[in-house]
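Respectively, the protein sequence lines represent chains A and B.
The numbering of the first sequence is the numbering used here, which starts it at 1 and goes up by one.
The numbering of the second sequence is the numbering used here, which starts it at 1 and goes up by one.
Just so you know, the hints here were simulated from the structure itself, not pulled from any lab data.
Only a predicted model underlies this, so the values are computations on that prediction, with no experimental measurement involved.
All clues given are correct.
Examples of chain B residues lying across from chain A (beta carbon under 7 Å, computed):
(1) Met1
(2) Arg17
(3) Gly25
(4) Thr26
(5) Gln37
(6) Leu39
(7) Lys42
(8) Gln55
(9) Leu58
(10) Ser62
(11) Ser124
(12) Pro146
(13) Pro154
(14) Asp155
(15) Asp158
(16) Gln169
Only pairs whose alpha carbons sit at most 27 Å apart, straight line, appear in this in silico DSSO-like list of lysine-lysine:
(17) A:Lys60 - B:Lys42
(18) A:Lys64 - B:Lys42
(19) A:Lys64 - A:Lys110
Quick reminder that beta carbons are idealized off the backbone N, C-alpha and C, glycines included.
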Amino acid sequence: MFTAAAESFLRQAREIQEEELRRFTARVSALLQGPEAGPEAVDGLQRLHLSVAATKYPRKLDGKFVEQLQTVLCSPKSPEQIQVLCAAILREMSPCNDLVLSCDEIQDTKLLSLVSSVLLAQGSRGEVAAVGQRVVQGLERRLPEGQSARFLLPVLANVISLSPGSLTEEQTNVVSKKLADWLRYASIQQGMAQPSGGFFSSPRTKQPAPITEVDGAVATDFFTVLSVAQHYTQDQWLNVQAFSMLRNWLLCYGGKELDTLNPGPLKKEDGDLQKACLIEAVTIMDIICKQDSSYVCRAVSCLKILHSRICGDATYARALLPIAQFFLNHSKQAAVDSDAIYKHLFSDIPALLFHNPSLAFEFVQFCKDNSQLFTDASSIFRQSFPNLFKFLAWNSPALISEFVDLLPFLLDPGTAIEIFHLLLDLPCLTAALDIQLRAAALPASEKAGADPAGKPATCLEAFHHPLYRSMFQYLLRSRAAPEDAPDSLVPLRQLLGSLAGSPRVVQCAETVPVLLELFFRVVAEFADGSLINQLVVLLLQRSDQLYEIPAFKEDVYRVLGSNLAMLCGLRPALVVELSTEILEFSGAVSNIQSKEAIFTHMAWAVGEFLSVSHDKRCTVEQITRFFETLEAVLFEITQLRPQASTPSCAPRAISVLMATLTKLAARSQDLIPRVSMFLSKMRTFVQSPAVTSVYCEEDLEEILIRATELMNLLKMPSVAQFVFTPPVASTRFQKEVNDSLPLALRMVTQLLEPAAGSMPV
Amino acid sequence: MVRAFVLLAPGGPAPCRVLYARTFGTPPGAGPGGPRQRLRRKEQLLVVARQVASQCQLLQASLGRPSSPQLPQLPDEPVSLQDAPGGVFQMSPGDPFPERVTVVWLSVLALAFALVCEPQENLSLAEITLRRLAPRLLLSLRLLGPGADVLLRPDAADGLLDRLLPHGQMLFLNERFLQAMDRELGLKVSR
Chain A
1 MFTAAAESFL
11 RQAREIQEEE
21 LRRFTARVSA
31 LLQGPEAGPE
41 AVDGLQRLHL
51 SVAATKYPRK
61 LDGKFVEQLQ
71 TVLCSPKSPE
81 QIQVLCAAIL
91 REMSPCNDLV
101 LSCDEIQDTK
111 LLSLVSSVLL
121 AQGSRGEVAA
131 VGQRVVQGLE
141 RRLPEGQSAR
151 FLLPVLANVI
161 SLSPGSLTEE
171 QTNVVSKKLA
181 DWLRYASIQQ
191 GMAQPSGGFF
201 SSPRTKQPAP
211 ITEVDGAVAT
221 DFFTVLSVAQ
231 HYTQDQWLNV
241 QAFSMLRNWL
251 LCYGGKELDT
261 LNPGPLKKED
271 GDLQKACLIE
281 AVTIMDIICK
291 QDSSYVCRAV
301 SCLKILHSRI
311 CGDATYARAL
321 LPIAQFFLNH
331 SKQAAVDSDA
341 IYKHLFSDIP
351 ALLFHNPSLA
361 FEFVQFCKDN
371 SQLFTDASSI
381 FRQSFPNLFK
391 FLAWNSPALI
401 SEFVDLLPFL
411 LDPGTAIEIF
421 HLLLDLPCLT
431 AALDIQLRAA
441 ALPASEKAGA
451 DPAGKPATCL
461 EAFHHPLYRS
471 MFQYLLRSRA
481 APEDAPDSLV
491 PLRQLLGSLA
501 GSPRVVQCAE
511 TVPVLLELFF
521 RVVAEFADGS
531 LINQLVVLLL
541 QRSDQLYEIP
551 AFKEDVYRVL
561 GSNLAMLCGL
571 RPALVVELST
581 EILEFSGAVS
591 NIQSKEAIFT
601 HMAWAVGEFL
611 SVSHDKRCTV
621 EQITRFFETL
631 EAVLFEITQL
641 RPQASTPSCA
651 PRAISVLMAT
661 LTKLAARSQD
671 LIPRVSMFLS
681 KMRTFVQSPA
691 VTSVYCEEDL
701 EEILIRATEL
711 MNLLKMPSVA
721 QFVFTPPVAS
731 TRFQKEVNDS
741 LPLALRMVTQ
751 LLEPAAGSMP
761 V
Chain B
1 MVRAFVLLAP
11 GGPAPCRVLY
21 ARTFGTPPGA
31 GPGGPRQRLR
41 RKEQLLVVAR
51 QVASQCQLLQ
61 ASLGRPSSPQ
71 LPQLPDEPVS
81 LQDAPGGVFQ
91 MSPGDPFPER
101 VTVVWLSVLA
111 LAFALVCEPQ
121 ENLSLAEITL
131 RRLAPRLLLS
141 LRLLGPGADV
151 LLRPDAADGL
161 LDRLLPHGQM
171 LFLNERFLQA
181 MDRELGLKVS
191 R
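With the rest of the complex left out, here is chain B (with noise of 0.2 Å):
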């Protein structure tokens, strides 16, 4: 199962932010309840976007490439997903989550997408759910645009991740079952 989904922009030597994340129940009994739990919760999730942000900004540089991408010139234009750069770290114990978890990672120009897994999770899969949610997400929110879209329609994302990554279950969905799907949601998604 996928214990979380974080949307970040990794910054550069702008520092991280969270742009959307998205956790998948709380595991019962583990740590201080009420509001402890709540700043937990947020403080666990910015430290994955941190983590993730600089394995990000290492890969950028090893493979040569600006750590400030240009965007394209069109909100709307189809973004290659070909090359994007990605990756799998392992964070342990009690770093920050009680237990062990890999993060799967992907960049797509100035913002990255990470899936925080359980262990012995199927990374093969979590890789092609990156892949999926990527694109519908950039789309969703106009997330290469000017605008706040991503802070201001929580529900948008919500919905591409109750299709794609329902409570944290990935699927092994193919082309045609996502071609479906994408005509539930009314998407046009570039292929």
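So here's chain A without its partners, still in its complex pose (with noise of 0.2 Å):
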């Protein structure tokens, strides 16, 4: 935690000045310069990286200073917290200029170790190599007395991740034959403990014990890493390290003699790390058979095995996935029927281990890395996509970002309806999948529910009732299931209620506008008219059947409303088709008030497209009866008396409504002196007492400027016939037509009344 002491200290590290800094840094030159390096030094050394460590600009150290810090590091004279403490302030410096530290000359090799993680730092293409280079001579030939190869082998496997090409093909093998022969050799004798030392301790030495597996049982078998002992030799180190390092060896050189590694005896003790050996062990036989094929068929034996044995076994969910991306790379070659798998995995793992946070990642992971199974509409990959939605849903902020890349490859025409409805209930699901863990945990006893005459008093009672059993069972299905949807879910939405505060289901809320932006983004690439005509019908529905938390109900209502006007705008033809659902979302004067976002690009909608431009089928009749709807309802809300009844709304729905009115008039020219009276009356109801103290004042100029300007265009109906029917190939969303409207109407205003120069613009 960061304390008031680290808070002070690292103020005063930060607000050292340069002179100060600078007779900080000549005192600890003449400490490093003494006999003994004691603890002063070491002090000095610690507060001088916290002032080189503290700032993001580099803070600029003495030449020579610099250099006795080299010369130092690499002196074997110096304790080893030293020449720690000076490797730290020098990689903290990095990428340093005056650096002439080179490894050639060092034959220690934990001192090599330290001195490669300085010249590692700079990111210098050339000192990579050299340290490569210095590495692999230092495994190449024998080492003096008392050093470890140890040390070694984890500045090579930085080397090789940091630039691929350091080492000559020579140097490859020669590194590969050594790695496979500590993989394969190491001593099954234990170490020599340390004698304790002490005068009166025994100096006999005891007969080196051999080593046990985890079980106890005497490893007759080579070393593995789960190998126990009480001491370890140096070659064994060098097994583990080799191990260790072995999947990104591979992966950046071939290894002809790593090929006969054995991934060991499965043992169930030492719990997590045998699992991720295991991972290991499988990712490792993935990279070889990919290098060369003729071990595939061996292998797809070992791992069917393998999988049978752990497939059972929840602990064990996260080793099947470098299984089942071992049979997708693989199995065609060997000519394996791998289904059984994929359907265990997709299937299964996820309704069970949804609220394992790493699982999750991980099989998100593997869908995105795999994304072209999902191409296939029939496959279990893509039918299982409800399944995959519960990590999400469990899983929100971790996860929403994976979903970006992922939905995309889910969504085509079989599957975009119910991954709509999934998306708006996406936290329902999170509230689901909390009670069923809640029921899963519950003693048998209480398991039986309550009485299924009555009504369920808790979520938790529910569960099992059959009332809501089925429900549930929906919401919590493991594959798509488009003609299974219940009539309605309103009940277990109502239901879920009681949970819509959680943090869980609120982060997960958080996610659903995003990804139903980019749903509504991938779908109109390749939707149809009857997907855009659904799509439009059940956006009416479902906007009175969201889930009860106010936040989440007004960002799905924006993304709707804007998303309604793209599709509209896609297929105008849709405002005729479906005027009967138009007429009477738009009629309803209370989706004015609580739909606000959907209801203003709904009207907007009508007004642009309602013509007989953009379908033959638009007759005088169906103009009439939506100029009736929408204008009872600006009637009702621009009333001069608002009543307690009367819904406020936002100055803009009515705007909107004014020059849809207009535009309908436009095309059906009986209509337009309602229009025009009305238009004039508006007025009297932005001056309105009442009104007044509803509206801010720049809101209603805003209005009646609006009314005028539709009011003068009105009185030139040719022009404004011209004015709003744009050409039937514009599929300009409403922005564009907006920003192009005001400008039409000035200009027409200013042609009708030029010298009205009192008029605000």
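Take each chain as given, in its own frame, and dock them per the hints.
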């Protein structure tokens, strides 16, 4: 935690002035020059490190001092702690111009590792290559007495990771052979305990005892990372190091000598590490088989056995992923049917382990890495999308960006509708998963549930209750089931309302708008007329059926509204085809208040697209019907003396309604007198005392200006018609049209009233 | 390989602070040289820390835990890592590292530990490595005490990293190996 002391030290370190730092550096330099660099020198170096590290902008240290640090680092007489601190300071300052450091002369492998850490921090290909050369040299030759190659392997691993081309082919082969040796032939005798020293301790050495496997049986086979000993020999350490770096080594280089690696027997102890080893071994096998396909058959049979052993054990679930990946990569070649493996993975695992954040992440990564699997609509992968969304529902903050990448692969004409519903109900899914977990944790006696004839008192009781069971089951389904959707999930949503405030549910709800926006963007690319119509109808329906979280609903309405306009732009004819649904929605005055975003965009779309130029089937009767419906709504919300029941609504809605009515009137000119009269009443409206207390002055002014402009436009009906009937090919979105409309209106206004200088613009 | 290790105080209402950070080598040719390279490194680590802090706070909220947990009474009291929350997330290429990275993190009381891994790294091993680093760092640097060891003793942290994560190489060390290593370091870690 960030303590007060730490705060104070950090501030001091940041504020230290150049002069003071110079003096401090000189003092430390003197201490380092002394015969024995003691605790004072250590303390000085520690503080110096903080001074250098504390600022984003580099501190300039005296060039001679930097050179001295390097000398001290490399000197065998320097105490280890001092060396470590010198290296830390040099690394912190990297990249350094004044570096004279080189690993060529260093014989001590531990020191070589330390010096390498500084050299590798410079970001210079030349330095990396030099380190690589030196390390390979160290591995090739026989090391001096007391030195261990153990410290060199991690350096090598880092070298090839930073710059894979640093070694020649010959050097690569040399190292591969050494790695193979260490992996296969590490001693199966235990190491020697260092003598504890002291005058009375027995100098007799004990017989080295054999290594045991994790379950105690004496290891007859070769040493593996799971073997247990009291003390370890150097080459056993090398075995561990070699295994640990094997995967990266194989990825950067092939390894012909490494092909006889045996993953070792499976034991039940040493839990987590064992699973990690298993995952590593499978991955390594995958890499080896990719490099040399002659191993595939052997590996396949081994992995099939492994799979059958672990597939029933939930604690091994993460290992199923690399196994599945292996089969995806190689089963075709081995002519092996691995469908059962994929089926188990996608049908069972997510439902069981959605709450495990690591598994969730790795599972979704697996899907992203193999996204081509989802293109086949009938495959188990694609059909399992309800299961995949469970990961997101439970682990929203960590997985939202992964799902933004994944969602496009799940969407097609067959899944779009179901996924639309699923996205809108994602927070409900979170709540349902919560209940599922709690229900599973109940003791058996309580699971019987309450009286089926009565109503359940809690969500938990409802889980098994006949009234709700099938709804829960649908929400928690593992596979796509477009035909099985219950008539309505409304009762379930209401029931789950008590969980709407839970943090996990709220976090999930926050991801929905992003995914919805993406959903529409992707669907717009492939949707045909029928799908677009379906979506619009559902959009309007679902606007009444959302999980009751106010912020969630607001955001969803915003996304639905703008995308409604987009869909209408893609297929203007839908305004005519879906006139019943649209009239019903637009005629409900409550919608203008509770779902303003959707209402406004709907009204705009009607004004924009209900015309014969967009659809020949558009009749005068239809225009009139829409006109009357919207007129009634506008009338309701612009009463001079609003009653308590009159909905207040955003001024934008009033403007859009006025504009829409005007547009419709321009197309059916019998309506013009009605609109004109209405618009002329707006002056009285905005001046009415009851209204001025509800809306602010700027908004009312804007409404009045708009009303006046529209009235003026209607005085020239043919112009109005021209302005309000954009070319059919237009797919511009609302913003563009709205931008050009006021301009057009103002031009016309100025034409009509050239002397009206008092009109505010 | 692990590209970097970060030890941070996630804060809560307070801003998040990087207490100790270590990168394991700088990929050559990846961007500006000179002081800008150093600045970029520090900013990248800060971005990681902030993201870890954010994920940590969100997870704590979803688990229903207070954002400023109670500290144990004595700084040397053994801290159980059993329920320590943690997570994994990915950072896209360019934001903030040139390549994609995966960050594995663990939160213990008012601190968080994070490993920045190359893609396709063994995440199970990364989690194990973190669970081993955390208690040893807590002990060595007296992280739960009132002092500022974490800022003033980079050598202690470096020493631990050199054993458990040398040059960013995670190690498959079983319990006995770990004990042998603890003996070498003179650490008494509760098990």
